[in-house]
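Undergrad: For reference, the chains in residue letters:
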Amino acid sequence: MFSFIPKEESFFILFKEMTVNIIEGAQLLKEMLNNFDDPVSLQKKIKDIEHKGDQKTHELILKLNKSFITPFDREDIYALVSALDNILDAIDASAQHIITYKINKITTEAKELGFIILKICQATDKLLSLLSDKNKYEEILEICIEINSFENEADRVRIEAISHLFSEEKDPIQLIKWKEIYENLEFVTDKCEDVANIIESLVVKNA
Amino acid sequence: MFSFIPKEESFFILFKEMTVNIIEGAQLLKEMLNNFDDPVSLQKKIKDIEHKGDQKTHELILKLNKSFITPFDREDIYALVSALDNILDAIDASAQHIITYKINKITTEAKELGFIILKICQATDKLLSLLSDKNKYEEILEICIEINSFENEADRVRIEAISHLFSEEKDPIQLIKWKEIYENLEFVTDKCEDVANIIESLVVKNA
Amino acid sequence: MFSFIPKEESFFILFKEMTVNIIEGAQLLKEMLNNFDDPVSLQKKIKDIEHKGDQKTHELILKLNKSFITPFDREDIYALVSALDNILDAIDASAQHIITYKINKITTEAKELGFIILKICQATDKLLSLLSDKNKYEEILEICIEINSFENEADRVRIEAISHLFSEEKDPIQLIKWKEIYENLEFVTDKCEDVANIIESLVVKNA
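Protein chains in written order, with the numbering used here: chain A, 52 to 258; chain B, 52 to 258; chain C, 52 to 258.
Please note that the accuracy of each hint is not assured.
Simulated DEER-style distance windows between Cβ atoms [stated by the list, open to error]:
#, chain 1, residue 1, chain 2, residue 2, range
1, B, His215, A, Ser180, 50 to 60 Å
2, A, Lys98, C, Asn155, 57 to 67 Å
3, A, Ile74, C, Asp241, 23 to 33 Å
Source of the hints: derived by calculation from the structure; they are not laboratory data. All figures in this text were calculated on a predicted structure; none of them were measured in a lab. Note that the Cβ used here is the ideal one computed from N, Cα and C, for glycine as well.
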């Protein structure tokens, strides 16, 4: 598979495969939150997507070890791959907790977070697509700002949701569960912001 | 604004502006905790300071992209700027939670943490001031140790406060709120320690 | 002490001392969890081990500042030393919370986590032992995978334990305590995984 010196482009193809997989995970999570008919089977599908992501991560690291030429410094590619992997882990953890906590009804705010998560994952995919083109650096920085805005938006929704929770929910155990679900969902957007920060740093480094 | 090759010093001026802004945020937080007359307006002021910090962060990253000469490796400056930004985010989150949780009285331990936060932010400012001078590396490492001590002190106060909370507070919802407030306040000192670690690593790298 | 140019090997000796110290901490934690006769004195011993770890960390950073030749890039050694230090901090925090929360009986799942923690710390020690040998890179990547598996295993135990907790525990304050104890214990394995990730990145970088 890696018998010839791989072209730089093949890294970008693998990045793209990772972000396509992330979007699929985000879509399943949104579906799980919006239509709560069969959350268990959707959570299993998300777990499968997460395993697929682990394999792609492993594949990229092997490739990194066997490549003479890399599009960026090897340790930066490693950091980027790890950060992409963390997004799916966070999506998986969000879905997992909803099942573990035996949640039986999804709140409006959780649905809203699911919507933002899909949007921010799509922006992250767009970001990675632009990375192969040195002339697109201005556009890359714009999408980094867009990702920051989505993260701020998710943060605002989480704060409002938790504020609402403390006003309304009298059962402390339900409160603990929901507080963590909101935090988990918002955490997905933090992980996308990490990717944006790594790419922003990459652009700065190679400016 | 960036039409000439910027001098290295201008980075240090921007660092200084960031730490002065951080100290202002820490002072407002301390004021909010000590004199709980009008926490809402103080929280708004902290939010403004945090926005100002975001602008300065953005300005520094733009500068980084347009500079031929930088005082340290570009990615290290980026890491440092991000870490400074995180301090204000943590101060803002602490103030935000006190309002969101409709806290109506501040404990002694929270005030104590507010005091340590101001001290550690002042030490962080001092650290950045020394960074421009290659002969001050010994002094820099000393202040890194000082910052570590403040963080340990905040950790000790947090542990005692939470221990006290679990002994005294019988209402689980109040307990959840206060546990998180203590954790948020202590987290500010973790973020200052991150800056100290980045600078320690910088010094090591350029030794 | 550092009057001659230190040989590269002396770094590996210091790494080894750090991981031997970590294993000692993990053994004390396992003992504390398995035999709950005198947790307070065991927690004090863990605290001593943690202080010893801080001293070794400081020693290594000083050495780094005085060395002309280092086995890897200076900033990577710094990152590795910090990550090793974090493992002991996490072990110490786990023991600390068990005392602070006045826990009087240890659950099967907590004992299980203590067992995994010892295993993963032993694997981390093995990883560091191999680092000095450039021909052992394949073996290193295998142990990284092993460490990943232990972390996954700890994650699974934590999820099951917390799921069990939410089904059985009706007292929200006990629930808060135990949820955090499980999270703290699992966090130790996250910190070992961080070390594995840094070493994986090192191997990739120097491939």
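Undergrad: A separate judgement is required for each hint: does it hold in the structure or not?
TA: Each hint tested on the structure:
{"no.": "1", "hint": "His215/B / Ser180/A: 50 to 60 Å", "verdict": "holds (53 Å)"}
{"no.": "2", "hint": "Lys98/A / Asn155/C: 57 to 67 Å", "verdict": "violated (36 Å)"}
{"no.": "3", "hint": "Ile74/A / Asp241/C: 23 to 33 Å", "verdict": "holds (26 Å)"}
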